[in-house]
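Here is how the chains run, residue by residue.
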Amino acid sequence: MIKDFLKHLFPRAVLQRNLTLSYTLCLGGVAFTCLMLLAASGLLLLFYYQPAPAAAYPSILLLESSVWGGRYLRSLHRLASHFFLVLIVLHTLRVILTGAYQKPRELNWLVGCALLLLAVFEGYTGYLLPMDQLALWATQTGMELLHIMPLGGALRAALVPDGVGEPASLLRFYVLHILMIPGALFFLSGLHFYRIRKNKGVLPYL
Amino acid sequence: MKRGYQKSSPYFFRLIKIALALTVLALMALAALVPAPLQEQADLARVPNPVKSAWFLLWIQELVSYSKYLVYLVLALTVGFIVLPWLSRSPQHQGACWFPRESRVVCCVALATCVAVLALTLVAMCCRGANWQFVSPF
Numbered sequence: 001m002i003k004d005f006l007k008h009l010f011p012r013a014v015l016q017r018n019l020t021l022s023y024t025l026c027l028g029g030v031a032f033t034c035l036m037l038l039a040a041s042g043l044l045l046l047f048y049y050q051p052a053p054a055a056a057y058p059s060i061l062l063l064e065s066s067v068w069g070g071r072y073l074r075s076l077h078r079l080a081s082h083f084f085l086v087l088i089v090l091h092t093l094r095v096i097l098t099g100a101y102q103k104p105r106e107l108n109w110l111v112g113c114a115l116l117l118l119a120v121f122e123g124y125t126g127y128l129l130p131m132d133q134l135a136l137w138a139t140q141t142g143m144e145l146l147h148i149m150p151l152g153g154a155l156r157a158a159l160v161p162d163g164v165g166e167p168a169s170l171l172r173f174y175v176l177h178i179l180m181i182p183g184a185l186f187f188l189s190g191l192h193f194y195r196i197r198k199n200k201g202v203l204p205y206l
Numbered sequence: 001m002k003r004g005y006q007k008s009s010p011y012f013f014r015l016i017k018i019a020l021a022l023t024v025l026a027l028m029a030l031a032a033l034v035p036a037p038l039q040e041q042a043d044l045a046r047v048p049n050p051v052k053s054a055w056f057l058l059w060i061q062e063l064v065s066y067s068k069y070l071v072y073l074v075l076a077l078t079v080g081f082i083v084l085p086w087l088s089r090s091p092q093h094q095g096a097c098w099f100p101r102e103s104r105v106v107c108c109v110a111l112a113t114c115v116a117v118l119a120l121t122l123v124a125m126c127c128r129g130a131n132w133q134f135v136s137p138f
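As you go down the protein sequences, you meet chains A and B in turn.
Taking the UniProt record's numbering, the leading residue of the first sequence gets 1, the next gets one more, and so forth.
Taking the UniProt record's numbering, the leading residue of the second sequence gets 1, the next gets one more, and so forth.
Just chain A, same shape as in the assembly (with noise of 0.2 Å):
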């Protein structure tokens, strides 16, 4: 069932020239593959992770010290997020580089700058979760970083009610980090591929 479901979200044929790895260089795929693999890491890490700032830390500690592969599932994590958002960032510039973000494919460029936008809060709002030092001090840097900005003070308050690794915040990220941005990112990400579809394959003008 599972297979036919596949079969049916990629067309019947395709264009042997779109099949050409050195206009993809399927940086797009290669970066929905590091999402599900974030996906499927965070999904095991959220068993152990408790969103509270006294008890965010030890539960890392845990993980790390006391749970088999926990120490593991965290560098994949981590690691899959780095990559996520190089590989995000390569693939824009890709779509930049060989015109692919021109009409009538713009409304698939709008979709492509919103996966990339809520893929870097993904990373920020995920950056604070740990609660040691590296965390709570660049979650804060960034937060003066959106203070700034025209609304930033809005957008602060609206973000981090009572500070920086305060409960209500740590909270907010969580709930951001692991519910609303994932579930837009997967929203988006399907849109991406079904404007790729209406709009002919991956190459354009062909």
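Keep in mind the hints are simulated off the structure, nothing from the lab.
Source: prediction; values computed, not measured.
C-beta atoms are modelled at their ideal positions from N, C-alpha and C, and glycine is treated no differently.
Watch out, some of these pointers could steer you wrong.
DSS-like mimics (lysine-lysine), calculated; alpha carbons at most 30 Å apart, straight line [what the hints assert, rightly or not]:
{"hint": "1", "chain 1": "B", "residue 1": "LYS2", "chain 2": "A", "residue 2": "LYS3"}
{"hint": "2", "chain 1": "B", "residue 1": "LYS52", "chain 2": "A", "residue 2": "LYS198"}
{"hint": "3", "chain 1": "B", "residue 1": "LYS68", "chain 2": "B", "residue 2": "LYS52"}
{"hint": "4", "chain 1": "B", "residue 1": "LYS7", "chain 2": "B", "residue 2": "LYS17"}
{"hint": "5", "chain 1": "A", "residue 1": "LYS3", "chain 2": "B", "residue 2": "LYS52"}
{"hint": "6", "chain 1": "B", "residue 1": "LYS17", "chain 2": "A", "residue 2": "LYS198"}
{"hint": "7", "chain 1": "A", "residue 1": "LYS198", "chain 2": "B", "residue 2": "LYS7"}
{"hint": "8", "chain 1": "B", "residue 1": "LYS17", "chain 2": "B", "residue 2": "LYS2"}
{"hint": "9", "chain 1": "B", "residue 1": "LYS68", "chain 2": "A", "residue 2": "LYS103"}
{"hint": "10", "chain 1": "B", "residue 1": "LYS7", "chain 2": "A", "residue 2": "LYS3"}
{"hint": "11", "chain 1": "A", "residue 1": "LYS103", "chain 2": "B", "residue 2": "LYS52"}
Now the stretches of chain B that chain A is said to cover, found in silico as 3 or more residues with beta-carbon under 8 Å [unchecked claim]:
{"hint": "12", "stretch": "20 to 31"}
{"hint": "13", "stretch": "105 to 113"}
{"hint": "14", "stretch": "123 to 131"}
Let chain A serve as the given structure and place chain B on it in line with the hints.
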């Protein structure tokens, strides 16, 4: 089958499967070699010096360390790239290609932006010490 076309199964699906498997295997192998860092428990009373943002935001931190108004450059670039399809001319060439002639300016701006972001990130990552002073990376 029409001329120039191939069945998705197995040709297209084979490519997808290989890319997926190689990515997962490479990440799984690298994760065993590169452990995720974990410092001491967060403490607002102990401020590190220098304080650095997440690696993917370091270029903005480096940029605004020169002037806070440079944040408008970041916003302008972001908006500029978002509206790119409406700024550039429509394609004239028939086939897909790298660096299309009519988009040469856009390509150069995009590449220059990437190089600048990379350079700013490296400077912030390796050449900034206490009080955000410039230090040698060596």
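Structure-based check of all given hints:
Simply put, B:LYS2 and A:LYS3 have alpha-carbon atoms about 25 Å apart, close enough for the 30 Å limit, and the pair holds. As the CA atoms of B:LYS52 and A:LYS198 are separated by approximately 43 Å, the hinted pair breaks the 30 Å bound. With a CA separation close to 16 Å, the supplied pair B:LYS68 and B:LYS52 stays within the 30 Å bound. Among the hinted pairs, B:LYS7 with B:LYS17 is consistent with the structure: their alpha-carbon atoms are about 15 Å apart, no more than 30 Å.
With a C-alpha separation of about 46 Å, the suggested pairing of A:LYS3 with B:LYS52 is violated against the 30 Å cut-off. Straight-line distance between C-alpha atoms of B:LYS17 and A:LYS198 comes to about 23 Å, which keeps the hinted pair within the 30 Å bound. Taking the CA atoms of A:LYS198 and B:LYS7, the gap is about 18 Å. The hint holds against a cut of 30 Å. For the suggested pair B:LYS17 and B:LYS2, the alpha carbons sit about 25 Å apart, so the restraint of at most 30 Å is met.
About 36 Å separates the Cα atoms of B:LYS68 and A:LYS103, which puts this hinted pair outside 30 Å; it is violated. Only pairs whose Cα atoms come within 30 Å are accepted, and B:LYS7 paired with A:LYS3 is accepted, the gap being roughly 16 Å. The straight-line distance between the Cα atoms of A:LYS103 and B:LYS52 is roughly 40 Å, outside the 30 Å bound, and the hint therefore fails. As drawn, the stretch 20 to 31 of chain B meets chain A at 7 residues by the rule of a beta-carbon pair under 8 Å; at three or more, the given contact holds.
Taking a C-beta to C-beta cut-off of 8 Å, the stretch 105 to 113 of chain B contributes 4 residues in contact with chain A, enough for the three needed, and the coverage statement holds. Evaluation of the coverage hint for the stretch 123 to 131 of chain B: breached, as 0 residues show C-beta separations to chain A shorter than 8 Å, against a requirement of three.
The structure shown violates the earlier hints numbered 2, 5, 9, 11, 14.
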